[in-house]
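Participant: Read off the chains here:
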Amino acid sequence: MKNSKSVAFVREGMIDQQPAPASQIGAVRWLKDNLFSSVLNSILTIISLLVIFWVLSGIVPWMFGGVWNASSLSECRDILNERYGNTHYACWAVLTERWQQLLFGFYPAEEIWRAVVAFVLMLVAIAPVLFESVPRKLLWVTIAFPFLMVWLVWGGPIWGPLLVALGFVLFYVSYVVLERKSSTLLALIGSLVIGLVWWMFCVGPLSEALGSALPIGDLERVESRVLGGFMICVIIGLSGIALSLPIGLILALGRQSNLWVVKAICVGFIEFIRGVPLITLLFTASLLLNYFLPPGTAFDLTLRVIIMVTLFSSAYMAEVIRGGLAALPKGQYEAADALGLDYWQSQRLIIMPQALKISIPGIVNTFIGLFKDTTLVMFIGIFDMLGLSNAIRANSAWNGINWELYIFIGLVFWICCFSMSQYSQWLERKLRTGHH
Amino acid sequence: MSAELQNHLADEVAIQITNMNKWYGDFHVLRDINLTVQRGERIVIAGPSGSGKSTMIRCINRLEEHQKGQIVVDGTELSSDLKNIDKIRREVGMCFQHFNLFPHLTILENCTLAPMWVRKTPKKEAEELAMHFLEKVKIPDQANKYPGMLSGGQQQRVAIARSLCMQPRIMLFDEPTSALDPEMIKEVLDTMVTLADEGMTMLCVTHEMGFARQVADRVIFMDQGQIVEQNEPEEFFNNPKSDRTKLFLSQILGH
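From first to last, the protein sequence lines are chains C and H.
The numbers in UniProt numbering rise by one with no breaks, and the one at position 212 of the first sequence is 212.
The numbers in UniProt numbering rise by one with no breaks, and the one at position 35 of the second sequence is 35.
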């Protein structure tokens, strides 16, 4: 042997796990690694700190030295001149003066309590959907909420929303009855027809008759055109979110269907809607749709906008969910088939829970986009927050104010969107089932 | 032959494949497959990759569709009739190369899902059944973990337990040990041997020739979409008849 060392080796004992050396962990280590790892990085760190200081030294006094009580911009400036000798400070008084308008639009002041009640109910209604630890019984509030919300916000006797809700019960009962006698598809079509007939021809006359005979819970009617502000964004945004997820899901499944007609309809719908700007759809909703409807039908503008926004985002939703479906290994479908689960069972129990989990970032992305897109309704004459900010600035009292309104609007949207993003990240962590 | 005897014989046949053909587009993957499997018979299917062995057993529970010929499983003919397919899938369990456990469900939920939804077994009963089979594959203590936390061998044993929970009369194994580390192959094979000893009708596509020698009643060798040779394991390994089989055996047993 040329090499005197032997290759044979036998370990005497196994080495236990040991903690990492102290110098490799802790805050000092972090600072050294991330901020002062080299001369260049140290210089960059110092420059960055100076820039941050310079920016903040401009913004912080402007924000916190602002005036909160004044009735007009000129009065506000007078106060600032008196206090600082200049007007380089914020004029938050516009918010204290006009917050009601920014939040509720032109909703009648003595009825605003209804909007507030609807808002609180909304929080109660979405809690059980978002968090599993909330008592399941609250789901009844969730089911009742859409009808209660319509009644509270638009007013009128309670019969209208109640009869519409009854239509859903009718739809379900007729489906169950018909399914026993015929196939699933026939039952679905039959019950849909029954439901539509009920909603289109029975609800209107019946609610009028009941309303005059038994005027229970008759709230003062509020017209759609006075709705506005943050409230209209929440109404449109939430309806869009709640409806676009199931519709998108059905479209995504339809796009994968083996039935040629179903597939063609879904692909056609998705590609058409995605190819058209939302603002075009909104103009269609506000102007053109009336030409296509029978004369005399008064189709509420808010409802039309909700439908358009929902259709728009459900096309995007379908594609997001399709991505999730495509990411699932084929073995999952095969295992479900091999166990004897039928199509709907395997979709509901195996495929969708996983595909939706994969799609959470994309779904929330679409939700956030949808919620911010609600500001586009400004262009069809609905006074959302942005529309109102224009109206406020057109008023001689507040003519010339810019930053304060936009910062407020931005902040409100940021809080909503950031909450959605945080929720989705929490949900993703909760649903993680791999190695820990 | 009396009608009674005929019925009795038919009852003894678990799977009857007659002149089955399958194409992928223009490619003729399965050519004139004829195979009769008796109840309680254990069959190992071997062959080079691309020989159609997986495709053949996947036709038996209609994961793949055959285009010509006839497959009768447990007296039910496979056709495009969904009712028949569902009926057959309830009676035929399957284990896959990549386990295909449902990663979003716990081990226990993986096992109770099909009995609860397909057989409408009450939850409590389904859980007892699942625990029974998890004990049988020797991992009852992992019941509340998720598949992602288990080793490959454990996952495959769960997959076997999951199939058994449907109490199938026939089990199909599609290369159940091919994706496993060498150290884990044995634990899965042991489970399969136990199952074979209990009289389960089994069709295994596998490269584990030791397993084939130990438990198989019959070894089938496939190449180019056809059954080239079949025989009892002793004869098959010691005295292969066709040249193709000899070549195959010399290649896999040669080192």
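These are calculated hints, taken from the structure and not from any lab test.
Accuracy of the hints is not assured; some may be wrong.
What the hints assert, rightly or not - If you anchor each label on the Cβ, the simulated ranges turn out as follows:
| id | chain 1 | residue 1 | chain 2 | residue 2 | range |
| --- | --- | --- | --- | --- | --- |
| 1 | C | GLN256 | H | GLY148 | 36 to 44 Å |
| 2 | C | ASN258 | H | ASN239 | 45 to 53 Å |
| 3 | H | PRO48 | C | LEU259 | 32 to 40 Å |
| 4 | H | HIS207 | C | VAL169 | 58 to 66 Å |
| 5 | H | ASP86 | C | ILE250 | 50 to 58 Å |
| 6 | H | GLN70 | C | GLU271 | 20 to 28 Å |
| 7 | H | HIS28 | C | GLU271 | 55 to 63 Å |
| 8 | C | GLY369 | H | GLY210 | 54 to 62 Å |
| 9 | C | GLN256 | H | ASN34 | 47 to 55 Å |
| 10 | H | ASP217 | C | ILE250 | 46 to 54 Å |
| 11 | C | GLU271 | H | SER49 | 18 to 26 Å |
| 12 | H | ASP217 | C | GLU271 | 35 to 43 Å |
All values derive from a computational prediction rather than experimental measurement.
Where is the CB? At the ideal position from N, CA and C, for every residue including glycine.
Participant: If a hint holds in the structure, say so; if it does not, say that too.
Facilitator: Against the structure, the hints come out as follows:
The given range of 36 to 44 Å is broken by C/GLN256 and H/GLY148, whose C-beta atoms sit roughly 26 Å from each other. Here the CB-CB span from C/ASN258 to H/ASN239 is close to 48 Å, well matched to the stated 45 to 53 Å. Checked against the given bound of 32 to 40 Å, the beta carbons of H/PRO48 and C/LEU259, roughly 38 Å apart, stay inside it. A hinted range of 58 to 66 Å holds for the C-beta pair H/HIS207 and C/VAL169, which are about 59 Å apart.
With their beta carbons about 24 Å apart, H/ASP86 and C/ILE250 fall outside the hinted range of 50 to 58 Å. Taken as a hint, the range 20 to 28 Å is violated for the pair H/GLN70 and C/GLU271, whose Cβ atoms sit roughly 43 Å apart. Between H/HIS28 and C/GLU271 the CB atoms are about 37 Å apart, so this pair departs from the stated range of 55 to 63 Å. Judged by the Cβ atoms, the range 54 to 62 Å given for C/GLY369 and H/GLY210 holds: they are separated by roughly 59 Å.
Between C/GLN256 and H/ASN34 the C-beta distance comes to about 36 Å, which lies outside the given range of 47 to 55 Å. Taken as a hint, the range 46 to 54 Å holds for the pair H/ASP217 and C/ILE250, whose Cβ atoms sit roughly 49 Å apart. A hinted range of 18 to 26 Å for the beta carbons of C/GLU271 and H/SER49 is inconsistent with their spacing of about 40 Å. Hint check: H/ASP217 to C/GLU271, Cβ distance near 56 Å, so the stated range 35 to 43 Å is violated.
The structure is inconsistent with the numbered hints 1, 5, 6, 7, 9, 11, 12, although it conforms to all the rest.
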